[in-house]
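Peer 1: Read off the chains here:
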Amino acid sequence: MNTNHISCDVAVVGAGPAGLAAAAAAKKQGAGRVLVIERDPSPGGILLQCIHPGFGLSYFKEELTGPEYAHRFARAAKEAGVEFLTDATVLEIGDKRLRVLGPACGLLEIEAGAIVLAMGCRERTRGNIRTPGTRPAGVYTAGAGQRLVNRQNLMIGKKIVILGSGDIGMIMARRLTLQGAKVEAVVELLPYLAGLTRNRVQCLDDFNIPLLLSHTVTEIRGHQRVEAVKIAQVDGKRQPVPGTERVIECDTLLLSVGLIPENELTRAAGIAIDPVTSGPSVNQYMQTSLPSVFACGNVVHVNDLVDNVSRESEQAGRSAALFAAGKLPKATEIACKPGSGIRYVVPQRIALSGEDAELTLYFRVTAPGGASELSAAQSGKVLTSRKVRRVSPGEMEHLNLKNSALAEGNLTVSIAAEEGK
Amino acid sequence: MEKTIICTVCPQGCRIKVAGEGKNITSVTGFSCPRGETYARQEFVCPMRILTGSVRTENAAEVLLPVRSADRVPRDLIPECMKLLRSVKVTPPVKVRDVVVKNILGTRVDIVASAELN
Numbered sequence: 001m002n003t004n005h006i007s008c009d010v011a012v013v014g015a016g017p018a019g020l021a022a023a024a025a026a027k028k029q030g031a032g033r034v035l036v037i038e039r040d041p042s043p044g045g046i047l048l049q050c051i052h053p054g055f056g057l058s059y060f061k062e063e064l065t066g067p068e069y070a071h072r073f074a075r076a077a078k079e080a081g082v083e084f085l086t087d088a089t090v091l092e093i094g095d096k097r098l099r100v101l102g103p104a105c106g107l108l109e110i111e112a113g114a115i116v117l118a119m120g121c122r123e124r125t126r127g128n129i130r131t132p133g134t135r136p137a138g139v140y141t142a143g144a145g146q147r148l149v150n151r152q153n154l155m156i157g158k159k160i161v162i163l164g165s166g167d168i169g170m171i172m173a174r175r176l177t178l179q180g181a182k183v184e185a186v187v188e189l190l191p192y193l194a195g196l197t198r199n200r201v202q203c204l205d206d207f208n209i210p211l212l213l214s215h216t217v218t219e220i221r222g223h224q225r226v227e228a229v230k231i232a233q234v235d236g237k238r239q240p241v242p243g244t245e246r247v248i249e250c251d252t253l254l255l256s257v258g259l260i261p262e263n264e265l266t267r268a269a270g271i272a273i274d275p276v277t278s279g280p281s282v283n284q285y286m287q288t289s290l291p292s293v294f295a296c297g298n299v300v301h302v303n304d305l306v307d308n309v310s311r312e313s314e315q316a317g318r319s320a321a322l323f324a325a326g327k328l329p330k331a332t333e334i335a336c337k338p339g340s341g342i343r344y345v346v347p348q349r350i351a352l353s354g355e356d357a358e359l360t361l362y363f364r365v366t367a368p369g370g371a372s373e374l375s376a377a378q379s380g381k382v383l384t385s386r387k388v389r390r391v392s393p394g395e396m397e398h399l400n401l402k403n404s405a406l407a408e409g410n411l412t413v414s415i416a417a418e419e420g421k
Numbered sequence: 422m423e424k425t426i427i428c429t430v431c432p433q434g435c436r437i438k439v440a441g442e443g444k445n446i447t448s449v450t451g452f453s454c455p456r457g458e459t460y461a462r463q464e465f466v467c468p469m470r471i472l473t474g475s476v477r478t479e480n481a482a483e484v485l486l487p488v489r490s491a492d493r494v495p496r497d498l499i500p501e502c503m504k505l506l507r508s509v510k511v512t513p514p515v516k517v518r519d520v521v522v523k524n525i526l527g528t529r530v531d532i533v534a535s536a537e538l539n
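Order-wise, the sequence lines are chains A and B. Be aware that the first sequence starts at 1, since it is given in the numbering used here, and climbs by one per residue. Be aware that the second sequence starts at 422, since it is given in the numbering used here, and climbs by one per residue.
Careful: at least some of the hints might be erroneous.
[As the list claims (entries may be wrong)] Each pair of labels, with its calculated beta carbon distance range:
1) B:K523 x A:E63: 47 to 57 Å
2) A:R238 x B:R507: 36 to 46 Å
3) B:A482 x A:E63: 23 to 33 Å
4) B:C454 x A:D205: 16 to 26 Å
5) A:L352 x B:V509: 25 to 35 Å
[Unchecked claim] Using 30 Å as the maximum straight-line C-alpha spacing, the simulated BS3-like pairs for lysine-lysine come out as follows:
6) A:K402 x A:K330
7) A:K96 x A:K330
8) B:K424 x A:K387
9) A:K230 x A:K158
10) B:K424 x B:K444
11) A:K159 x B:K510
12) B:K516 x B:K504
13) B:K516 x A:K158
14) B:K504 x B:K444
15) B:K510 x A:K158
16) B:K444 x A:K237
17) B:K504 x A:K158
18) A:K78 x A:K28
19) A:K78 x A:K96
20) B:K510 x B:K523
21) B:K516 x A:K61
22) A:K182 x B:K424
23) B:K504 x B:K523
24) A:K327 x A:K402
25) A:K387 x A:K337
26) B:K523 x A:K159
27) A:K28 x A:K96
28) A:K182 x A:K230
29) A:K387 x B:K438
30) A:K78 x B:K438
31) A:K387 x A:K96
32) A:K78 x A:K327
33) A:K78 x A:K237
34) A:K402 x A:K381
35) A:K337 x A:K402
36) A:K78 x A:K61
37) B:K516 x A:K182
38) A:K387 x A:K28
39) B:K424 x A:K28
40) A:K61 x A:K96
Calculated directly from the structure, the hints in this document are not laboratory data. Glycine is no exception: its CB is placed at the ideal position from the N, C-alpha and C atoms.
When you get a sec, could you build the whole thing from the sequences and use the hints?
Peer 2: Below, the structure written as structure tokens:
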């Protein structure tokens with residue numbers, strides 16, 4: 001097989017919301033040729049199957065559906081002069097090079113001034129959570145079910161149990177109900193909701209769908225097709241409590257049990273991965289440990305709102321364009337660490353560029369809580385803080401600070417409950 | 422009657438208590454912004470939602486076209502709107518925001534396309 005060679009200034013892997021925003025921003029920053037490589041036939045990514053509303057409230061100040069949000073960014077990228085290579089899969093990335101394969105382009109070697117990784121994430125499956133029982137048809141991940149119902153007009157079942165209270169699971173509970181199925185229950189292992197509160201109100205409460213917190217599926221029954229699931233309450237150690245088991249008859253089990261950033265390409269390139277986020281460790285430019293490679297969106301950390309993905313990806317696109325032009329500042333880096341009550345922080349590193357521009361720290365708390373103060377401190381000195389009325393691990397928090405305020409030494413983000421509240 | 426409404430205007434999720442009968446509201450407590458109060462009052466009297474769904478296509482690469490209500494519609498009318506959408510078929514070309522069903526069920530709200538169809 002012959003290998004074709006092309007070159008570009010910025011190559012973007014993936015045409016979902018992250019890739020589209022990064023590509024348009026790279027072009028606007030002055031990059032010459034910007035090429036987006038996408039394995040699907042058209043741009044938009046997972047947004048194309050997210051036909052529900054709730055997108056764009058923060059970015060566009062209006063409530064859009066997923067396809068509408070994708071359409072705006074795809075149009076903006078095309079108008080900015082971004083080129084698309086669809087139906088093509090990236091096999092390998094390295095320092096300023098990519099290997100791509102597709103039915104139309106054949107085997108392609110791309111030389112790029114900078115690369116932006118925007119592959120998004122994958123769903124955790126039954127295998128990841130090790131649910132016991134038989135292996136019948138009728139067990140779907142929520143996103144796979146969403147694609148079948150919303151894009152392919154295929155109904156996945158009539159009596160449904162959903163495991164996991166993540167956003168996609170709750171949104172599918174509403175969709176399946178509106179399409180005529182009966183959702184028996186949404187079962188959540190944790191003692192609190194995994195997704196956004198507004199989805200609980202509009203997807204479960206609106207349709208009287210029971211939410212069973214601190215419960216899990218302990219067995220799947222059925223031979224050809226799912227016939228029932230056994231559920232049980234769990235204790236503080238997430239172990240089933242004997243005597244609380246009950247059987248729910250159903251033909252379908254939908255799993256909404258988390259997402260994992262899709263980083264096979266990143267790992268193979270030897271780029272450093274944060275073990276908590278499962279995504280590449282990045283600095284405020286969204287630059288990975290391989291300086292010519294940038295990353296953004298769900299490939300870095302799983303976001304709850306696409307609006308945040310778009311903003312973060314624009315930063316990655318601008319930085320990649322500057323890097324390709326040899327203009328991205330290089331500076332000593334400090335580590336940005338999760339402190340008390342914080343699970344992870346993105347960016348994991350900050351280059352001390354001394355710039356006056358604000359940078360945003362995104363992070364998640366480890367447990368739900370009431371009135372609290374979020375703060376970022378260096379050697380005991382608080383550089384920025386913000387009070388919040390309540391926190392939840394399902395809702396990403398942020399703090400802003402100026403790079404010029406930073407000195408050398410670790411920056412630590414932490415949360416403290418407000419006394420007497 | 423008293424109802425506790427979880428506000429969905431922003432991620433704070435205030436628990437707002439509304440008391441009254443039908444359209445007569447006697448007290449609203451627990452909100453922390455004017456938008457929250459407006460939301461809770463509307464939610465007590467008649468919850469409004471954006472409807473989203475899909476309609477079948479003919480002579481198009483995609484078998485479904487995603488659609489939405491251009492504005493909020495009464496929540497309790499949504500199941501009936503969905504039934505109506507099941508009988509609708511569209512043919513290309515369709516542009517984003519093209520009207521698919523005008524004034525659905527007399528709500529004065531149109532059902533419009535969420536995506537292009539070529």
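Peer 1: Hints the structure violates: just list their numbers, smallest first.
Peer 2: Checked against the structure, the hints that fail are numbers 1, 5, 13, 16, 26, 30, 31, 33, 37, 38, 39, 40, while the rest are satisfied.
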